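The primary structure of each chain is shown beneath.
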Amino acid sequence: MTDRTVTLAHGAGTERTRELLADLVVDRFGDAPADPAGVGLAALDDGAVLPTDDGAVVITTDSHVVDPPSFPGGDVGRLAACGTINDLAAMGATDPLGLSSAVVVEAGTPVDRVDAYLDSMAAVCDRVGCPVRTGDTKVVRDGEVDEVVVTTTGVARIERGAHLPAAGLSPGDRLVVSGPVGDHGVALLAAREDFEFASPLTSDVAPVAHLVAAAREVGRVTAATDPTRGGFATAVNELADAADLGLVVEERAVPVADATAGAAEVLGIDPLTVACEGRIVLGVAPEDAERVRDRLRDEPGGADARIVGRAVADHPGEVVLDTGVGERYLPVPTGETLPRIC
Amino acid sequence: MCLGVPGEVVEIDGNEARADFGGAEKWVRIDVVGADLSVGDYVLNHAGFAIRRIPEAQVERTVELYEAAATGEVADDD
Amino acid sequence: MTTDALSFRDPDRADRLRDRLERLVAAVDGDVRVMHVCGSHEEAIAEFGIRSVLPDGLTVAMGPGCPVCVTDRPEVDEAVALAEAGHVVATYGDMIRVPGTEKSLAAARDAGADVRTVYSASEAADIARETDREVVFFATGFETTAAPTAAVLREGPPANFSVLSAHKYVPPAMDVVADHPDTRIDGFLAAGHAATVTGTDVFESVVERHDLPVVVAGFEPLDVLAALVFLLEDLRDGEATVTNAYPRCVADAGNERARTALWEVFERVPGEWRGIAQVPDASLRIREPYAEYDARRRFEIETPADDGRGSDCICGEIMAGRAAPRDCPLFGEACTPRSPVGACMVSDEGPCRIQHAYGGDRRP
Numbered sequence: 001m002t003d004r005t006v007t008l009a010h011g012a013g014t015e016r017t018r019e020l021l022a023d024l025v026v027d028r029f030g031d032a033p034a035d036p037a038g039v040g041l042a043a044l045d046d047g048a049v050l051p052t053d054d055g056a057v058v059i060t061t062d063s064h065v066v067d068p069p070s071f072p073g074g075d076v077g078r079l080a081a082c083g084t085i086n087d088l089a090a091m092g093a094t095d096p097l098g099l100s101s102a103v104v105v106e107a108g109t110p111v112d113r114v115d116a117y118l119d120s121m122a123a124v125c126d127r128v129g130c131p132v133r134t135g136d137t138k139v140v141r142d143g144e145v146d147e148v149v150v151t152t153t154g155v156a157r158i159e160r161g162a163h164l165p166a167a168g169l170s171p172g173d174r175l176v177v178s179g180p181v182g183d184h185g186v187a188l189l190a191a192r193e194d195f196e197f198a199s200p201l202t203s204d205v206a207p208v209a210h211l212v213a214a215a216r217e218v219g220r221v222t223a224a225t226d227p228t229r230g231g232f233a234t235a236v237n238e239l240a241d242a243a244d245l246g247l248v249v250e251e252r253a254v255p256v257a258d259a260t261a262g263a264a265e266v267l268g269i270d271p272l273t274v275a276c277e278g279r280i281v282l283g284v285a286p287e288d289a290e291r292v293r294d295r296l297r298d299e300p301g302g303a304d305a306r307i308v309g310r311a312v313a314d315h316p317g318e319v320v321l322d323t324g325v326g327e328r329y330l331p332v333p334t335g336e337t338l339p340r341i342c
Numbered sequence: 001m002c003l004g005v006p007g008e009v010v011e012i013d014g015n016e017a018r019a020d021f022g023g024a025e026k027w028v029r030i031d032v033v034g035a036d037l038s039v040g041d042y043v044l045n046h047a048g049f050a051i052r053r054i055p056e057a058q059v060e061r062t063v064e065l066y067e068a069a070a071t072g073e074v075a076d077d078d
Numbered sequence: 001m002t003t004d005a006l007s008f009r010d011p012d013r014a015d016r017l018r019d020r021l022e023r024l025v026a027a028v029d030g031d032v033r034v035m036h037v038c039g040s041h042e043e044a045i046a047e048f049g050i051r052s053v054l055p056d057g058l059t060v061a062m063g064p065g066c067p068v069c070v071t072d073r074p075e076v077d078e079a080v081a082l083a084e085a086g087h088v089v090a091t092y093g094d095m096i097r098v099p100g101t102e103k104s105l106a107a108a109r110d111a112g113a114d115v116r117t118v119y120s121a122s123e124a125a126d127i128a129r130e131t132d133r134e135v136v137f138f139a140t141g142f143e144t145t146a147a148p149t150a151a152v153l154r155e156g157p158p159a160n161f162s163v164l165s166a167h168k169y170v171p172p173a174m175d176v177v178a179d180h181p182d183t184r185i186d187g188f189l190a191a192g193h194a195a196t197v198t199g200t201d202v203f204e205s206v207v208e209r210h211d212l213p214v215v216v217a218g219f220e221p222l223d224v225l226a227a228l229v230f231l232l233e234d235l236r237d238g239e240a241t242v243t244n245a246y247p248r249c250v251a252d253a254g255n256e257r258a259r260t261a262l263w264e265v266f267e268r269v270p271g272e273w274r275g276i277a278q279v280p281d282a283s284l285r286i287r288e289p290y291a292e293y294d295a296r297r298r299f300e301i302e303t304p305a306d307d308g309r310g311s312d313c314i315c316g317e318i319m320a321g322r323a324a325p326r327d328c329p330l331f332g333e334a335c336t337p338r339s340p341v342g343a344c345m346v347s348d349e350g351p352c353r354i355q356h357a358y359g360g361d362r363r364p
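Residue numbers (UniProt numbering), protein chains in the order written: chain A, 1 to 342; chain B, 1 to 78; chain C, 1 to 364.
Treat the hints with caution; some may be incorrect.
Derived list of chain B stretches under chain C, where covered just means 3 residues or more per stretch with a C-beta under 8 angstroms from a C-beta of chain C [unchecked claim]:
{"#": "1", "segment": "39-49"}
{"#": "2", "segment": "53-62"}
Quick list of simulated restraints, FRET-style, between CB atoms [to be verified]:
{"#": "3", "chain 1": "A", "residue 1": "L41", "chain 2": "C", "residue 2": "D15", "range": "39 to 49 angstroms"}
{"#": "4", "chain 1": "A", "residue 1": "A32", "chain 2": "C", "residue 2": "D29", "range": "33 to 43 angstroms"}
{"#": "5", "chain 1": "A", "residue 1": "G161", "chain 2": "C", "residue 2": "D114", "range": "47 to 57 angstroms"}
{"#": "6", "chain 1": "A", "residue 1": "D95", "chain 2": "C", "residue 2": "T131", "range": "51 to 61 angstroms"}
{"#": "7", "chain 1": "B", "residue 1": "Q58", "chain 2": "A", "residue 2": "L41", "range": "54 to 64 angstroms"}
{"#": "8", "chain 1": "A", "residue 1": "P36", "chain 2": "C", "residue 2": "D182", "range": "52 to 62 angstroms"}
{"#": "9", "chain 1": "C", "residue 1": "D237", "chain 2": "A", "residue 2": "E287", "range": "48 to 58 angstroms"}
{"#": "10", "chain 1": "C", "residue 1": "S339", "chain 2": "A", "residue 2": "T202", "range": "28 to 38 angstroms"}
{"#": "11", "chain 1": "C", "residue 1": "S339", "chain 2": "A", "residue 2": "P36", "range": "15 to 25 angstroms"}
{"#": "12", "chain 1": "C", "residue 1": "D29", "chain 2": "A", "residue 2": "R291", "range": "28 to 38 angstroms"}
{"#": "13", "chain 1": "A", "residue 1": "A122", "chain 2": "C", "residue 2": "T260", "range": "29 to 39 angstroms"}
To give a feel for the contact side, a few chain A residues facing chain C, derived at Cβ under 10 angstroms [to be verified]:
{"#": "14", "residue": "T7"}
{"#": "15", "residue": "T202"}
{"#": "16", "residue": "V266"}
{"#": "17", "residue": "L267"}
{"#": "18", "residue": "G268"}
{"#": "19", "residue": "D270"}
{"#": "20", "residue": "V320"}
{"#": "21", "residue": "L321"}
{"#": "22", "residue": "D322"}
{"#": "23", "residue": "E327"}
{"#": "24", "residue": "R328"}
{"#": "25", "residue": "P331"}
{"#": "26", "residue": "P333"}
In case anyone wonders, no lab produced these hints; they're calculated from the structure.
What you are looking at is a predicted structure, and each value in this text was computed from that prediction instead of being measured.
All C-beta atoms, glycine included, are put in the ideal place defined by N, C-alpha and C.
Could you put the whole structure together from the sequences, leaning on the hints where they help?
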């Protein structure tokens, strides 16, 4: 059976998204780069690496739509800046040259609101030292988009071969996560579904470039990915897939904020399967793992960094979750996250 | 069936109570809970309705029950 | 409570419970087949990887415990028809993707129908308070959600609010499954949260009729393991009794106020459970005094004729505990969570979905 139309589930960052990409995009644009130091589209990594004579250029792009556009802990402007800066960081490009920003605005949107989103974007850019260098604005009719769509592209230069490929893990490498997972996804779901949580649930949306840079100062980082749509579960599966290795994750070691865990339990969702927007998952050489974790803990946004698992030669491509009681696989979530009663 | 989540009552207003689920708070209906509630009580929430007041003593009793199962000796019953 | 949750998940105690299970299985000479009748038990068993630590000779099978899975296809068709007729249809998130004969509510929503996800029956009534349009609450689930639906109807919701009841009542389904000649069951793990409402007495008739032990079990990993221990103790001793292994949430007498609301608003009528068959007195219909809120009496609902699609789907066999998801020729091929044929592949509690999502169990 094939889906004849694109459905919301195709956009949820899950297995279905990957299928859609494979069908429509990779077939057309997925040729491997001629230079082996390059990373092309078929890798489905966080960005592309284009080798040059004296180094390499890293480029990544992302469209940002979020419902609601302003949410606890951030808004679409902040998200658009962080999303792209973090994708660059996940490729090992922690000192970006600049961003482009293309904004599609729905007619009827108050100017103040767009102003606020761009302020949020600017604040992130200032902090990371990654200015917006070019952009575009389009207005479409009422109802053609939901308020705004913000597309950002980021560019960075790195030394040749210095990028962090998703496929870089070796058996024995440790997995380090920079902070509690699932905050963004749970906060958004709660806001969107109009659940009345009386206590704050806040998105974690924040740049992570400084975390990746700090980690690489003190240890050998072998792989990195930022867990966005599909959450931690999708991120670690991508690492396992790309390296064709197994991963073992200790569920009890994975940090989850109390409020997020409580809300997720009430909503019947797994915080490991919903988005983060300010976290990074690193593969680290085993002898450096504790040093990297401790270094991350000194950085803003890294206070709860934890070692959560390890790469193994067994069960390639699969992530095994040790729950403390038993073991099971941790698969990529399959579709749109909906609250459940059952 | 039936995702039930325990939470602590922090405020009561008519037929609703605000309950704390490990840090996330939510208003739930209490008209079918079948017990008089006070702030500090634990309730079992199911789909936005509290369906049971959980007696504090029963939580300790649960751990005894696990022990009884693990050892094969019947705990001193009440 | 939730802050104490870790004491319900303590690995050391889990190890000791597992050792005890191993000894008990040996004492009864193995090959014990326990059935649970609760999707949340399946979810807990899968989520915590409990099957990976069960001793050989002990099988925990899935019974008809997922309310989403047992919601009959014509019931989904009714909800889809109401949404396509231009009414607001509100339902629990679980129901959105369940396939009807022609489409699911998700497909109707993608095509422009107004389908809302709600967390509680009272939120559905709130939607009706804010619109002039007809708002239909597609009410699914067992006793635990039927009592809240009843509470909302009793308080006098707005006139533009109605309920399409697909509510079901668990205990008769246990009889149907236990009676089936092809189903071998040595004991039941009964659903803790349904029992919160009904109490434990309701299971006495199951024990008497089938001479099988019933243990009311909770949903933390240690709850499940401890309940299995008690069930095996009964089997070792040759006793068929009702044991309440979830006293923190289940009083033997249940929740009388919830039951009063439930039976004031609903009555039990025969009805189809998807895949299993007609179950006597196990579908909940809105009683006469509340008929004005019954969507089936308010609207003429035209639904498509059953096209027999999904006839290879063995959901019913699986829900009745006679087959495992991997026994189905469609599993993982024609039927996946992305393109489900049967409801068992849709619900987070569906045995096929769980098997697919958690990738099966891993033996250490």
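For each hint, the structure was consulted:
1. Coverage of the segment 39-49 of chain B by chain C holds in this model, with 6 residues showing a Cβ closer than 8 angstroms to a Cβ of that chain against a need of three.
2. Residues of the segment 53-62 of chain B with a Cβ under 8 angstroms from some Cβ of chain C number 6, which satisfies the need for three, so the listed coverage holds.
3. One distance hint, 39 to 49 angstroms for the beta-carbon pair A/L41 and C/D15, holds here, with the actual separation near 48 angstroms.
4. The given range of 33 to 43 angstroms is broken by A/A32 and C/D29, whose C-beta atoms sit roughly 60 angstroms from each other.
5. A C-beta distance of roughly 54 angstroms is found between A/G161 and C/D114, which places it inside the suggested range of 47 to 57 angstroms.
6. A C-beta distance of roughly 52 angstroms is found between A/D95 and C/T131, which places it inside the suggested range of 51 to 61 angstroms.
7. Checked against the given bound of 54 to 64 angstroms, the beta carbons of B/Q58 and A/L41, roughly 57 angstroms apart, stay inside it.
8. At roughly 59 angstroms, the beta carbons of A/P36 and C/D182 sit within the given window of 52 to 62 angstroms.
9. Take C/D237 and A/E287: their Cβ atoms lie about 55 angstroms apart, and the range 48 to 58 angstroms holds.
10. With their beta carbons about 36 angstroms apart, C/S339 and A/T202 fall inside the hinted range of 28 to 38 angstroms.
11. Separation of C/S339 from A/P36 is about 38 angstroms and departs from the stated range, judged on CB atoms against 15 to 25 angstroms.
12. For the hinted restraint 28 to 38 angstroms between C/D29 and A/R291, the CB-CB distance of approximately 54 angstroms leaves it violated.
13. Hint check: A/A122 to C/T260, Cβ distance near 60 angstroms, so the stated range 29 to 39 angstroms is violated.
14. A least Cβ separation of about 6 angstroms between A/T7 and chain C falls short of the 10 angstroms threshold, and the interface hint therefore holds.
15. Because the beta carbon of A/T202 sits about 19 angstroms from the nearest beta carbon in chain C, more than 10 angstroms, this interface hint is broken.
16. Given the 10 angstroms rule on beta carbons, the hint for A/V266 holds: about 8 angstroms separates it from the nearest Cβ of chain C.
17. Given the 10 angstroms rule on beta carbons, the hint for A/L267 holds: about 8 angstroms separates it from the nearest Cβ of chain C.
18. Annotation: interface hint on A/G268 holds; nearest CB of chain C at approximately 7 angstroms, less than 10 angstroms.
19. Given the 10 angstroms rule on beta carbons, the hint for A/D270 holds: about 8 angstroms separates it from the nearest Cβ of chain C.
20. The restraint placing A/V320 at the interface with chain C holds, with a minimum CB-CB distance near 6 angstroms, inside the 10 angstroms limit.
21. With a cut of 10 angstroms, the hint placing A/L321 at the interface with chain C holds, because the nearest CB-to-CB distance is about 7 angstroms.
22. The beta carbon of A/D322 is positioned within 10 angstroms of a beta carbon in chain C (closest approach about 8 angstroms), and the interface hint is therefore held.
23. Using the Cβ-Cβ criterion of 10 angstroms, the hint placing A/E327 at the interface with chain C is satisfied: the shortest such distance is roughly 5 angstroms.
24. Among the interface hints, the one on A/R328 holds; its C-beta lies about 4 angstroms from the nearest C-beta in chain C, closer than the 10 angstroms criterion.
25. A hinted interface residue such as A/P331 counts as satisfied when its beta carbon comes closer than 10 angstroms to some beta carbon of chain C; here the least separation is about 5 angstroms, so the hint holds.
26. Hint status for A/P333: holds, given a least beta-carbon distance of 8 angstroms to chain C, under 10 angstroms.
Hint check: violations occur at hints 4, 11, 12, 13, 15; the rest are consistent with the structure.
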